[in-house]
Amino acid sequence: MFSVFRKANVFFTFACFSAALFCGVTFAQVEVEIIADEGAKIPITVLPFEGSGSASLMSEIISADLLKTGLFAIQSVEPDWRRTKLTESDYPEWSSKDVQNLVVGKFIELDDGRIQGTFWLYDIPGQAMSVGYQIKDDPAQIRRMAHHFADLIYEKLTGDKGIFRTKIAYVIRAKDQSTLVIADSDAHNPKEIFSTNEPILSPRWSPDGSQIAFVSFVNRKAAVHVVSVDYERSRVTGKPKIIGPYPGSNSAPAWSPDGKSLAIAISKDGKSNIFIVSLEDETKRQITNHRSINTEPSFSSDGKNIVFTSDRTGRPQIYQSAVQAVSEVRLTYEGRYNASPQFSPKDDFVALIHYDERKFNVGTLDMKSGVVQILTNGSLDQSPSISPNGKVIVYASEANGRGILRFVSKNGRAKLRYVGPKGDDIREPSWGPFIKD
Amino acid sequence: MTIKILLVTGLIAVCVGCSSKTKMNADIEQRDLFDGSDRRSFEQSAELVEGSEVASEAELRAQQDELKREFEREEQRLLEERAKLNAENAEKQEAMQREADIKERLTQNDSLLSQRSIFYDFDSSVIKQEYRPLVEAHGNFLKQYPSVRIRIEGNCDDRGSREYNLALGQSRAEQLKQALVRIGARQDQIDVVSYGAERPFAFGIDSDSRSKNRRSDLIYID
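Here the protein sequences line up with chains A and B, keeping their order. Per the working numbering: the first sequence = residues 1 to 437. Per the working numbering: the second sequence = residues 1001 to 1222.
These aren't lab readings, by the way, just hints derived from the structure by calculation. Don't take each hint at face value.
Simulated restraints, written as ranges between beta carbons of each label pair [to be verified]:
1) D176/A / G1184/B: 34 to 42 angstroms
2) G1184/B / N289/A: 29 to 37 angstroms
3) Q1129/B / Q286/A: 30 to 38 angstroms
4) G314/A / N1140/B: 47 to 55 angstroms
None of these values were measured; they are calculated from a predicted model. From the three backbone atoms N, C-alpha and C, an ideal C-beta is built for every residue, glycine too.
Just chain A, with the same shape it has in the complex (with noise of 0.2 angstroms):
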């Protein structure tokens, strides 16, 4: 009745069949692969939601979501297996199937038009059930409903804020057009947030998640815009606006961490230089001063340092900067080319791409010890964007000549592939806040 994943590089497709009817045109395919990591895995179950219509959908998003994480073994059971909450003597039933943390549900539509999903996880040894909770939301929202399921199950057991309801800005480019896009963070429900003729790149999400600025060109030139955005429901809520234009070119916007000004590089008079710009007045302060590249700044959490790029050397390499002194130190050594550095929430490591015998790939330099660990192994692996929890890693990557989006967990072991619908060539990813409770 339960088989468990216990074997290395297995490969799991999800598809959207039975939530086309909640996607609309969404169909993303969603390729996961997990590497296999035997003693660090939490076995979990999730049995099918008791209920009528979109009831199983419920547990197949929360066993994605956990299952991606590489943090978890799923025991799956049989589709048409249902039970809701336990009683005492269940117990000795569930311990007798090697079963350690369960979860059940219930999903029903109510008169009113809303639908309504409760869950229970059992910690089967304990004896004991470890969460309970329900939602009643619209019908549109099903899929959050799962997710802030999973968000719940994943902090019980892990003891880190789940990151299944947070959304993920990306650009689509098509021959001659550019597309901003808002999805969930599992590549469900893209929506279009802003399209022009000319390229667009570096989104950046405000800390909140209500604006995201990005970089595309006028008259030729690249230039800093800022849009507003409804981070819940993935919608657009103003016209992009420009920061300055400062004469010359404007690029790789970064938020302060209190979302009130913008660290930009501009370049001008053969050299790129990084100023912070305040949003309020548009003043700039310069902080770099050098003769050659210095680009793609990134701010701590506590908004006192930046990481940035920067080939003073000849080469691209990753450089810290104190924002209110010169005060600049080079980081990192390995490797003919380091670059697109961005600090993890909690300042503890850099993820950044790192080029070495022909090949870019993924990898983090840890601020303590100074090493940098390559996390991924394709050719062409760009633009990393850490997830809110600081435990996964969405980056540009390729397949077949087109872009699409790769993510990896912190501790490489768990690696997905996303695929856009329709052969979209998907690129510049980045990783929105955590949705606030």
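Given the coordinates of chain A, work out where chain B should sit on it, guided by the hints.
Just chain B, lined up with the frame of chain A:
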């Protein structure tokens, strides 16, 4: 064109002649008026004063000299005007010729000037030795024709960081600009932009396509 200009110059000459004649007539009329107002005293004085005829003859000569000088001045002014017109005309012709030359030189298929792209090694904005003649040809051309404007567009292949590539493209374009300026082009003749890796010329992911995308393009602006 030359005939037309000469015709215009001729017309001006006639007009200047007209205005001098009118002035002479006015002088005579004025004298008539004066004479007519007191004709008798004039006759009397004619009879009485023999030597006055000599005086008026001298006066007349002086007047004639004055007119002659005026005519000479007028002639001088005309000559200057004609010279100015000729110069302007020559300038116009020269400008037209220059434009034709620029056009001709820029549309010659087999010249160095017809080569408008230079290509780079990966992660480099150094202009390779093989492009020296091309850069010199464009630099000298810009020096010779200061009215000509160009835009340099820096580009990169798709490898590595998009943002770093945007800055690298800018650096490629800027270094090419400075090379042209060293040869004699003026700073304000050249605008530089970078598209980074965003506007590939070749869409392949093979090394040949990539080497085509690591380039600076010189765009002559009409």
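Here is what the structure says about each hint:
1. Checked against the given bound of 34 to 42 angstroms, the beta carbons of D176/A and G1184/B, roughly 38 angstroms apart, stay inside it.
2. For G1184/B and N289/A, the hinted distance range of 29 to 37 angstroms is satisfied, since their beta carbons lie about 31 angstroms from each other.
3. The hint said 30 to 38 angstroms for the Cβ distance between Q1129/B and Q286/A, and at roughly 36 angstroms that hint holds.
4. Take G314/A and N1140/B: their Cβ atoms lie about 31 angstroms apart, and the range 47 to 55 angstroms is violated.
In terms of the numbered hints stated before, the structure departs from hint 4 and from no other.
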